[in-house]
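Undergrad: Residue-level listing of the chains:
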Amino acid sequence: MTHTIFAVVDNKPGVVSRVSGLFTRRGYNIESLVTGVTDDPMIYKLTVVLNGTEEKKDLLVAQLQRIQEVISVSVAEHTPCALSEMMLLAVPAHTEEDRAQARAFAESLGLRLCLEADAVLVFELCDTPEALDTARSAMRARFPGAYSVRSGAIGLALDP
Amino acid sequence: MTGARYLARFLNEKGVRQVFDYPGNSLLSIYPALREAGIAHRTARSESGAIFAASGVSRSGAGIGVCFATSGPGATNLVTGLADAMLDSVPLIAFTGQVSTSVIGQDAFQEADLLGITLPITKHNFLVKDGAALPTVLEEAWRIAQSGRPGPVLVDLPQNVLSSEIPEGAASPRLPHKRDPGNLAFDKQKDAFFDLLSRAKRPLLLVGGGCKSASASVRNAVSKLNLPAVCTLMGKGVLSDNDRACYGLVGIHGNGTANELLRSCDTLLAVGCRFSDRTIPNVDLLRGKCVLHVDTDAAELNKRVLCALGAAASAEEFFTELSAAPLAPFAPSWAPEKENSPAGAPDFCLKRALNDLANAFPDAIFVTDVGTHQVLAANAIRSDSPYDFLSSGGLGAMGFGLGAAIGAALSRPDRRVVLITGEGGLQMNLGELASIREFSLQNLSIVLCDNHALGLVEELNRLQKHPAICQNRQDPDFDKLFSAFSIVCARAKDAKTFSCALSDLARGKAQALHLILSPDESAYPQNAPEERL
Ligand SMILES: Cc1ncc(C[n+]2csc(CCOP(=O)(O)OP(=O)(O)O)c2C)c(N)n1
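Here the protein sequences line up with chains A and B, keeping their order.
Taking our numbering, the leading residue of the first sequence gets 45, the next gets one more, and so forth.
Taking our numbering, the leading residue of the second sequence gets 84, the next gets one more, and so forth.
It is worth saying that the hints were derived from the structure and are not from the lab.
Accuracy of the hints is not assured; some may be wrong.
[Claimed, not checked] Selected chain B positions facing chain A (in silico; Cβ < 10 Å): (1) Gly199; (2) Leu202; (3) Lys206; (4) Asn208; (5) Gly231; (6) Asn385; (7) Leu478; (8) Gly479.
Computed from a prediction, not measured in an experiment: that's the story for all the values here.
Even for Gly, the Cβ is constructed at its ideal location relative to N, Cα and C.
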């Protein structure tokens, strides 16, 4: 089960080490940790995607809360929030025909061409993590040589 | 005013009268500043001695222990003491010298990344890169060390920050964003909590170190409700060991009766403890019981043991509410009579000697090192206050004892402090013997439990049927050694010599008691294997 957790933190040196150190030390299985800057340069918002049970998630929330720089923690499941992630996906394409096919298929899935090199096209998609999963599976099914990288999710919790 | 002066003045204002230290280049500006502020610096024989002494100050309830170490090797020598304080939730502050900010990151002479090294073994740590931040950092460090669940805080001070001018008016600490969780959550759960407790037929209270500052409230609630109790090593003394309701230490190193209670209770109310693997070696033991867990640190709830109900509240808040709750006292104790240990033990053995020692020093603060003697002492010594039995529990750090005893003796000059140590642990910080004379510690007595073996590990090793690890270890002649440090030592090798030597120790004719013991005495206080957990 994956859980998405948001932490609002003071932007102090070392704060990201403290948070990431906690994951390693306590053996959490983290899918992503993204540090987001906010409009206030003194405040960062971290988005953590965790793989684990409900209890593990509650424990992580409590452990995050005891880090001095952590101002507040919320959980996506309990908070109205917007979630978004970015993916770059490359499709090897050597001939004009390959390129046209890749392009047409990618665009039908909503991907946007962002780089055209000699033997490869790179597409970009910004959407929910689930939508990225779907698009990636479809692209890789059609173009087995395709490869991708993802940014990890960021979220904006609509705190009351 | 320079950073060094500001720091010394700050400590003075917080009531610090002495600090433990080991000097080095990066710290030189501190000494004149401490002198000006009227703070004594007690230079130990190593930084690890200094930090254990600071821990002894805090653990004996004499305020927050403070120590100083120079950059690089001095600072890295603090690591064990910090980890020890972290695991036992001991409030202390370590100040470390650091290379100047202009060369940080360049592998300068005696540069070490103390922030990185100590990140997981401190409650919090700071690197002060700018003198203007010093006032805020000091206030924060002081607050963090003792708030909520206490712990060690490290403040890394670059040389140029110590010598820089602190701008006037910089001392307006920005309020931290962080909110304290408080007991709001507990207020909502209170009724459910007390309802579950009221249904218990065989309730048992497990007292952990988190109850130390709430001793009076715990005692009050226990007697009001007729609640039998057992404790962890850190919770020892919260209830008086002389109290009928207090069954003493539970767990791997606990006594048979306490363990039996734990096994047979139907409701376990655990307060201020973290269910460590020394206390509950196997969490299945608690299956089917109603576990109610209270800790000021919400991150302890459901960490090792899933509880029926967990509350993030301080022990003081909890026990005050408990005493006021409309709960009827529990049926006259379902628990058996307390067992009285050394029956059946040989005439002269560690168990018996510790019992006699407890009788000879009824009002002392006892400090132990780590090993067989520690476990047996935790069972033999009857503590009446949570600040009277000092032991390295979570980390089990050999070398703790002598340093901690020195800190306790210096900060509690009104009390006798008795160190109980193995010969292995004593040798780990042996140099600190010199500090006893250096600081004229007349109120410190040493009991050296010399079993000529690294007893506890050799026993564990024997249980695994491996050949001995350290046979014929060439130990020094301890009697001569004590004498070299100007410490008068009495020696005992049997019941007869023991009674003379103990009386010499009690009357102050000797400062050390050297016990020659069998290497085979077991660290397991339980009389029979089925009493173990
Ligand atoms: C710093 C450190 N190193 C190693 C150990 C492992 N250890 C635990 S108890 C023990 C033996 C202690 O021997 P001694 O001080 O003679 O005390 P005894 O057990 O004989 O009473 C050892 C080596 C430890 N706890 N701490």
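Undergrad: Which of the numbered hints above does this structure break?
TA: When the structure is compared with the hints, numbers 7, 8 turn out to be violated.
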